[in-house]
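Chain by chain, the residues:
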Amino acid sequence: MTEVSIEKLTKSYGNARAVNAISMKIAEGEFISLLGPSGCGKTTTLKMIAGFEDVTEGAIRFDGQDVVNTPAEKRDIGMVFQNYALFPHMTVEQNLAFGLEMRKVPKPQMRERIAKVLDMVQLKGYEARYPRQLSGGQQQRVALARALVIEPKILLLDEPLANLDAKLREEMRVFIRDLQRRVGITTVYVTHDQAEAMTMSDRVVVMFGGRIAQIGSPTDIYERPENHEVAEFVGQVNLVEAKVESVGEGTATVTSPLGNFILPTKISVKPGNMVSLALRPEAIELSMATAGQPAATVLASYYSGALMDYRLKLDNGDELHAQTFPVNRFAEGDRVALHAPAERFWLVGVAQ
Amino acid sequence: MSPGKTKGIGPYLLIAPAGLLLAIFLVLPYLNIGVMSFRVPGQGTPYGEGFTLVNYARFFADSFYIWQVVNTLWIGFLTTAICLVIGFPVAWQLTRPNMRFRGLAYGLVLSPLLVGIVIRSYGWTILLGNNGLINRTLTNMGLIDAPLPLMYNALGIIIALVHVFLPFMILPIMNGIQGIDPSLEAAARSLGASRATAFRRIVLPLSMPGIQAGCILVFVLSLSAYVTPSLIGGLKVKTMAVTVVDALIDTFQWPFGSALALMLSVTGAIIVVIFGRMTRMKWKVA
Amino acid sequence: MSRPFLTGYCLLIYAFLLAPILVVVGASFNAGAFLTFPPQGLSFRWYVTFFNNEVFMRAIRTSLWVAFVTMIISGVIGTMAALFHVLHARRSKDVVRIAMLAPLLLPEVLTAISLLFFVYAIGIGTQNMVGMIIGHVLITLPFVFINVSASLESFDPSWDMAARSLGAPKLVRFRRIMLPMIKSGVIGGCLFAFIISFDIFTISFMLKGVGTSTLPIQLFDYLRTNFTPEAAAVSTVSIVLTLTVVIISEKVLGLRIHRF
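Chains as they are written, first to last, in the numbering used here: chain P, 1 to 352; chain Z, 1 to 286; chain C, 1 to 260.
Check before you lean on any hint, since a few could be wrong.
Stated by the list, open to error - Subject to a maximum C-alpha distance of 20 Å in a straight line, what follows is the list of computed DMTMM-like cross-link-like pairs (lysine to aspartate or glutamate): (1) Lys-116/P <-> Glu-127/P; (2) Lys-74/P <-> Asp-63/P; (3) Lys-170/C <-> Asp-54/P; (4) Lys-170/C <-> Glu-53/P; (5) Lys-236/Z <-> Glu-54/C; (6) Lys-266/P <-> Asp-220/P; (7) Lys-25/P <-> Asp-220/P; (8) Lys-208/C <-> Asp-246/Z; (9) Lys-8/P <-> Asp-66/P; (10) Lys-266/P <-> Glu-226/P; (11) Lys-153/P <-> Glu-53/P; (12) Lys-74/P <-> Glu-151/P; (13) Lys-124/P <-> Glu-151/P; (14) Lys-170/C <-> Glu-101/P; (15) Lys-238/Z <-> Asp-221/C; (16) Lys-116/P <-> Glu-101/P; (17) Lys-266/P <-> Glu-241/P; (18) Lys-153/P <-> Asp-202/P; (19) Lys-8/P <-> Glu-53/P; (20) Lys-243/P <-> Glu-343/P; (21) Lys-208/C <-> Asp-250/Z; (22) Lys-116/P <-> Glu-151/P; (23) Lys-170/C <-> Asp-76/P; (24) Lys-8/P <-> Asp-54/P.
Said to hold, decoys possible - Below, a sample of chain C positions facing chain Z; criterion: calculated Cβ distance under 10 Å: (25) Ile-21; (26) Ile-73; (27) Tyr-120.
Just so you know, these hints were derived from the structure itself, not from any lab. Glycine included, C-beta positions come from ideal geometry on N, C-alpha and C.
Full structure from sequences and hints, please.
Written out as structure tokens, the structure reads:
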């Protein structure tokens, strides 16, 4: 079990900074996801942890020991690649044995460990197959087994589910998460899929443009995003304009088209500021319009089985996205009343 | 690739042998031949002391050599054009997704490459000679009285050259066509283009780089071909390459031979560059 | 063009491509003293004549020897260059590629002449086969380079990274991951170098020394003055030799040789 600490880690290509002085601590046995759009520096960060990219500046410590100058093959990491990178000229067993041979593990023990890990990934009996004889999901699990069988200090996964179809992807999410819990290995997982990051991780690191936008539990990230970029990247969100009326101790009283609220805020605001409030679509409840409630007109509705999506138009002209269970259905042109509890609003920024 | 690998001189040791070989035995000899073309012609030796322009003067003064260059270029041009015309449909067919016997057909296209150029030219002498298979067959069938002049002339040389270099036209065109996303043609068809129009407006412009590469390759190869013109043309029709080699091997006129070889190469290179420019402009506009 | 028309047209072209080769093979079995049509019966007499002709037999041995030496030298140098090109060259990538392909792009006759003058200028001369073999290496080098490069291009860098993450040092990675993956490219390139070298004419013609005529040279000299079907028998044996190499490489070793 290893604790990883990253300090002011920077990667420059010429003048461009792919990763810009990021710091984080990953606890023993923690599952952490690096989440962000492509080009945000998440993969570069992972490759620096693995030792496949030179570090321009900063430190990477495994249990306090700086590994920046340790070559990848000496870092004792397990890595799962997006395309699995299984050696095509070796059988499953030979793929798994490779890392153990490098560690000079004696033959009988090797066989034992391979059997154990193959059992873990439910691939017993596939020892003699070649990678090309396996399905995508099976290859994925062999890649996982190959990384785990060497009992590395940390497990690194680079978008490992990106090449699988949607259904298998969801199964593998749960599979990897459960496996990681059982083994208890410190894990860094790179993905651009927010649902993947949310369901699997203990904590999520959201990155934009080489910097960390927010580190927090999935709940923090989703319900208390630090700015509108995080709010917009993780799930769907309405940004509602509001005006600050007065400011209290860590709170602000705001007026908005959806009502007046007292909200907690981490951002310093002054009375008279225009601010953006994040409101998740599923936080909005709809009912038949009655007088005295904030109301809107249904512009369009979309049925997706479990849920209904509505595009609404407020009386001031703003549009809103709401998501409800398809219990009461509304049609295009219906007038609806909006209910959104104050605790579902979150202040994400001061409007320019 | 991983960064650790490019450190140190290790990687450069990999390229060193090839680099040295090319520098010493390709670059230096090419520089040397340039120098040689300015040498004084030798008396009883391949070349004499001192430098002169007399070799080039001799080339420009004698219309025989100029005509021979023109003739060689003309043969090269016709060979290239014929290769393109007969090679394109073959390349096209070989890249059709539903083609049967593709492996066999591909093997046939490549087969001439695996048979030495002397043997292939020899095959053509058997076919084209006055007593050759074609003339004999036609005579025996009573279609002709006297043998058709198929050998010892430009026609024979071009027929054999087309055969020798056709694969060098077909393969680059195939590569070019294979690089075209088949859905582009489908898209054009879905937008209402006929098969012919889709071909003309989409496939042809996009296969231009392959066509260009094939044309340049065949043209350059036919300018410098020695065996085929020598065997088929005999003593009657000589291309520049034959004259040059004979000047060097038989009469040891090294400086003059160098000048002739360079004149032909430079003219050929200029034509290739102009051709490259012209075709590139065309398919940029298209 | 409609499909049947196109197919017919292509069949004609294939016939055109095969014709001279088939004619040579056919002529070698001609029983007559000259190449006459129709042939005067079937016979192996010209093969017997050929196998008893010490000049041709020596030329075949020379060709095989030159091709073998060329293959080894080109194979090693070309593979190393391809490794550099794909794995290490960054800004120099295009330069390396063009330089390695240069012998293929330059007119062979000019290369041959230049090399002839050069070997005399530096004193190697044409007394032995050194100059000729250098020429053969120059011409075959691009083919090895292309084949090995192609197999390296399909080498996924993440395989190397995976091996590193599993703790494999550089040499182990080369031996256990890289080499098995590019083996077919190396062997294919070498065999192709062998075939090309076996058929090279102009370079050999210019750089041949006394008694070092290769088979194509000997055949060419013979054809300038003789018209017996012996030349056809020689040609047929040469074709069969080449075909054997190709069939071994493609069928037995399962290789697909990259010609371009």
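Right, here's what the structure says about each hint:
1. Lys-116/P <-> Glu-127/P: Holds - the C-alpha atoms of Glu-127/P and Lys-116/P are around 12 Å apart, at most 20 Å.
2. Lys-74/P <-> Asp-63/P: holds, 15 Å
3. Lys-170/C <-> Asp-54/P: Roughly 17 Å separates the two Cα atoms, so the pair holds.
4. Lys-170/C <-> Glu-53/P: Holds, at roughly 16 Å.
5. Lys-236/Z <-> Glu-54/C: violated, 33 Å
6. Lys-266/P <-> Asp-220/P: It holds: about 13 Å lies between the C-alpha atoms, which stays within 20 Å.
7. Lys-25/P <-> Asp-220/P: holds, 17 Å
8. Lys-208/C <-> Asp-246/Z: Holds. Lys-208/C to Asp-246/Z sits at ~15 Å (cutoff 20 Å).
9. Lys-8/P <-> Asp-66/P: Status holds; Cα separation ~13 Å.
10. Lys-266/P <-> Glu-226/P: holds, 8 Å
11. Lys-153/P <-> Glu-53/P: holds, 19 Å
12. Lys-74/P <-> Glu-151/P: holds, 14 Å
13. Lys-124/P <-> Glu-151/P: Roughly 19 Å separates the two Cα atoms, so the pair holds.
14. Lys-170/C <-> Glu-101/P: Holds - the C-alpha atoms of Glu-101/P and Lys-170/C are around 15 Å apart, at most 20 Å.
15. Lys-238/Z <-> Asp-221/C: holds, 17 Å
16. Lys-116/P <-> Glu-101/P: holds, 17 Å
17. Lys-266/P <-> Glu-241/P: holds, 17 Å
18. Lys-153/P <-> Asp-202/P: holds, 18 Å
19. Lys-8/P <-> Glu-53/P: holds, 16 Å
20. Lys-243/P <-> Glu-343/P: Holds - the C-alpha atoms of Glu-343/P and Lys-243/P are around 17 Å apart, at most 20 Å.
21. Lys-208/C <-> Asp-250/Z: Distance ~14 Å between Lys-208/C and Asp-250/Z Cα, so the pair holds.
22. Lys-116/P <-> Glu-151/P: The given pair, whose Cα atoms are some 12 Å apart, holds under the 20 Å limit.
23. Lys-170/C <-> Asp-76/P: holds, 16 Å
24. Lys-8/P <-> Asp-54/P: holds, 14 Å
25. Ile-21: For Ile-21/C, the interface hint holds, since the closest Cβ of chain Z sits about 6 Å away, which is under 10 Å.
26. Ile-73: Holds, about 9 Å.
27. Tyr-120: holds, 8 Å
In terms of the numbered hints stated before, the structure departs from hint 5 and from no other.
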